[in-house]
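Participant: In order, the protein sequence lines correspond to chains A and B. In this text, residue positions in the first sequence follow our numbering: the first is 1, and each later residue adds one. In this text, residue positions in the second sequence follow our numbering: the first is 1, and each later residue adds one.
I should point out that these hints are in silico values taken from the structure, not numbers from a laboratory. It cannot be assumed that every hint is accurate.
Claimed, not checked - Straight-line Cα separation of at most 30 Å, BS3-like style, residue types lysine-lysine; simulated pairs: (1) B:K28 / A:K110; (2) B:K80 / A:K152; (3) A:K134 / B:K151; (4) B:K35 / A:K110; (5) B:K151 / A:K87; (6) B:K28 / A:K87; (7) A:K71 / A:K323; (8) A:K71 / A:K351; (9) B:K80 / A:K133; (10) A:K152 / B:K151; (11) B:K28 / A:K134; (12) A:K87 / A:K351; (13) A:K76 / A:K379; (14) A:K110 / B:K151; (15) A:K354 / A:K87; (16) A:K87 / B:K35; (17) B:K35 / A:K134; (18) A:K153 / A:K133.
As the list claims (entries may be wrong) - Examples of chain B residues toward chain A, derived with CB under 10 Å: (19) E32; (20) L150; (21) L219.
Every value quoted in this text rests on a predicted model; they were computed, and no experiment measured them. The C-beta atom is built at its ideal place from N, Cα and C for all residues, glycine as well.
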Amino acid sequence: MRKGMGTLAVLAAALAFGLPAALGGAAATTPGVTAHSILLGGTFPLTGAASSYAPIPRGMQAFFSYINARKGPDGKRGVGGRQIIWKYYDDAYNPTQTVQQTQRLVEQDKVFALVGGLGTEPQQAVRDYLNQKKVPQLYVSTGATFFGSDHKKYPWTIGWQPDYQSEAAIYGRYIRDHMPNAKVAVLYQNDDYGKDYNAGFVGGLGSANSDRVVATRTFNVTDPAVTTQLVALRASGADTLMIFATPAKTIQTYATIARLGWKPGHIFVNSVSAAQVFINTAVQLSGASTVNGSISTYYTKDPANPSWDNDPGMKLYRQIMKKYYPSGNDKDANYFYGMAKGWTIVQALYKAGKNLTRESLMNAVNHLNDSTNPFLLPKVVVKTNAPKDNFPISQQELIQFENGGWTPISGLIDTRPRG
Amino acid sequence: MRLRPAALVQLVAIAAVAAFVATYPLYKSDYEATKLTLVGIYLIAILGLNLLTGYSGQITLGHGAFMGIGAYTTAILVTKTSISDYATIPLAGIAAGLIGFLFGFPALRLHGVYLALATFGGAVAFVSIVQSTHYQGLTGGATGLFFGPLKNPYYLTWGICAFLYLVAWLLVHSKAGRAFKAVRDAPIAAVSSGVNIALVKTLAFGIASAYAGVAGALLAIRLGSVSPLSFTVTLSILLLTGAALGGLGSLTGMIFGALFIQFVPGFAEDHVSKTAPQVGYGLILLAVLFLMPGGAAQLLHRLGTLLYRTTRPLYTRAARRAEAVATSTRSRT
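Taking the hints into account, I'd like the entire structure generated from these sequences.
Facilitator: Written out as structure tokens, the structure is:
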């Protein structure tokens with residue numbers, strides 16, 4: 001028992017000396033911000049099943065290096081003379097690791113804000129914690145709708161890209177308006193991601209036209225094949241196929257329908273999977289005739305699509321990649337995505353002003369209006385107006401795949417106002 | 001009682017670990033302490049794995065799934081009933097233990113690599129089942145279940161860990177433990193000495209799974225949530241790797257195994273290769289296997305013997321001198 005008392009005494013002493021110091025320190029300065037630097041952190045799958053997204057933080061790194069080296073509009077390097085320091089850790093797409101690494105960034109590295117964290121489930125696992133600690137969880141790399149729509153409960157969290165529901169609603173409305181006789185088969189991934197898409201699609205089509213959907217099938221992301229689902233969908237006599245899946249599963253779906261000899265006529269594929277690199281693989285595995293005519297949406301330019309080769313934004317991207325991440329394959333849309341997101345982060349930091357606090361950053365993020373992002377489609381405005389609108393990017397274009405590339409088939413479609 | 005030198009080193013190692021663990025949160029941050037909480041959780045899991053694979057000789061690539069069963073038991077009980085999270089820990093152990101015990105029956109017919117494959121299949125199936133739409137109301141599907149804030153059950157984890165370590169030690173040094181080893185090393189001789197092989201094997205599965213279930217429950221409490229992504233086959237492989245590197249068939253070795261699971265992947269990322277952490281991890285793994293093929297336990301054993309050998313001549317010389325002095329004084333009188 002004497003030993004126990006000793007431990008208690010040590011504990012009491014630690015509390016007595018440690019606590020006031022900790023409280024005093026927190027009140028005096030904002031974590032992660034000095035006169036010369038801003039420390040940002042994030043978690044990404046650098047290893048494991050989802051490691052194909054690993055280029056995203058590296059694209060961000062390249063962009064921050066560029067910002068730190070160039071002179072800004074105020075004649076200072078970095079953001080208002082502060083260098084951006086970017087710390088990202090591997091969570092292997094495993095929420096256990098996301099929690100560990102996020103706590104490490106917040107409590108040990110003392111980052112100013114978390115930006116770009118990847119994955120619906122991993123980011124959901126730290127959302128409560130970050131909001132409770134009032135640490136900004138900005139521009140998560142997922143389009144799950146609730147990261148925007150739960151603003152009231154989680155005011156320190158926000159997404160970036162168009163949410164899955166509004167994207168799918170565009171497909172729904174397109175079929176409602178242009179394909180009155182369509183017989184639609186829906187294949188979606190059985191998780192929040194796929195369900196978000198399906199819900200948006202059904203909403204966009206409208207309940208009056210719900211009879212155009214003749215069959216719906218789901219699959220688990222861990223399923224080795226989607227053949228049984230596709231056989232059932234073909235048997236429904238559908239002439240239009242919606243694929244709401246992650247890139248690997250989308251490619252597999254194309255390959256499988258080619259093998260089954262099914263020609264649905266119209267295929268809609270979600271934006272995440274429509275990046276040129278993925279579609280090129282789909283063409284290789286299933287033949288151009290299967291993929292041609294597919295419809296999707298986009299909101300960023302695509303580094304693998306040669307039609308952007310002379311675009312100033314694309315040139316800037318290639319120049320930054322060449323200088324700051326020469327070993328990266330600059331055709332990989334993930335680097336490009338990271339860079340486009342980096343641009344928005346820098347804009348938000350500028351808007352938050354010289355007196356940078358977590359509150360001032362959130363205020364900037366919640367009332368952003370930036371039409372300068374050179375990596376997004378022309379005229380796309382990154383705009384928020386909390387608490388009414390918490391979806392930074394809400395404009396997309398419908399695109400169709402022909403002759404090895406995507407071409408726009410609509411103007412910019414704005415999904416604001418929502419509902 | 002005379003202690004063998006290796007046993008003495010083991011005892012000293014355990015005492016050192018216990019002292020270190022008990023005082024660690026006093027001078028380290030909350031975050032640093034959470035890392036040791038995870039070490040404790042992994043230690044509980046691989047203590048069980050060691051009983052199954054190290055002592056009864058049944059290899060498994062599905063241990064992570066039993067952690068998952070424990071974690072989901074806790075998450076489901078907390079969300080659906082009014083049981084407090086800590087009270088679910090024994091229930092999670094029992095649930096995983098029962099399922100493990102039942103899984104042991106079909107496993108009876110399989111040996112070696114075939115058993116590894118069957119357990120691997122079980123681990124894959126577990127993830128698919130919890131994600132499936134059929135049980136979504138219960139398991140939360142692919143999203144999982146969220147039931148509480150992040151916690152750091154540090155002393156609880158290590159308390160349970162110490163208790164289960166003792167249980168494992170008692171088991172290994174009992175009649176049952178000898179039966180485990182007999183089944184592993186000489187199954188035919190074991191039968192002829194009256195050991196019920198089927199019972200021993202299924203019991204080993206049950207006990208190992210109960211350990212995993214308790215570890216899973218603690219992990220769920222730590223995270224305040226469960227997700228199928230936390231219990232993929234990767235976890236099972238990591239646990240088996242940790243146990244093998246610690247030294248299968250040694251309880252002390254598991255401490256090193258748990259440290260390995262928690263710290264080496266991060267170390268590889270920070271210090272070996274930022275762009276290809278998996279390569280770094282693989283290199284460390286290879287180095288460890290080459291330098292100490294019997295795991296950390298073997299290294300510890302060798303260290304103990306070495307220490308004994310280098311110090312023994314001193315003792316014997318001193319003893320001889322004392323004896324010489326004694327005889328000379330005796331002869332003088």
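Participant: Take the hints in turn and mark each one as holding or not.
Facilitator: Structure-based check of all given hints:
1. B:K28 / A:K110: holds, 15 Å
2. B:K80 / A:K152: holds, 26 Å
3. A:K134 / B:K151: Given pair K134 of chain A, K151 of chain B holds - Cα atoms ~17 Å apart, limit 30 Å.
4. B:K35 / A:K110: holds, 17 Å
5. B:K151 / A:K87: The given pair, whose Cα atoms are some 24 Å apart, holds under the 30 Å limit.
6. B:K28 / A:K87: holds, 22 Å
7. A:K71 / A:K323: holds, 16 Å
8. A:K71 / A:K351: holds, 17 Å
9. B:K80 / A:K133: holds, 28 Å
10. A:K152 / B:K151: holds, 24 Å
11. B:K28 / A:K134: holds, 23 Å
12. A:K87 / A:K351: holds, 22 Å
13. A:K76 / A:K379: Within the cut-off at roughly 28 Å; holds.
14. A:K110 / B:K151: Within the cut-off at roughly 19 Å; holds.
15. A:K354 / A:K87: holds, 22 Å
16. A:K87 / B:K35: holds, 19 Å
17. B:K35 / A:K134: holds, 23 Å
18. A:K153 / A:K133: Measuring from Cα to Cα gives roughly 14 Å; hence the hint holds.
19. E32: holds, 7 Å
20. L150: Holds - the Cβ of L150 of chain B comes within 10 Å of chain A, reaching about 5 Å at its closest.
21. L219: Interface hint status for L219 of chain B: holds (7 Å vs cutoff 10 Å).
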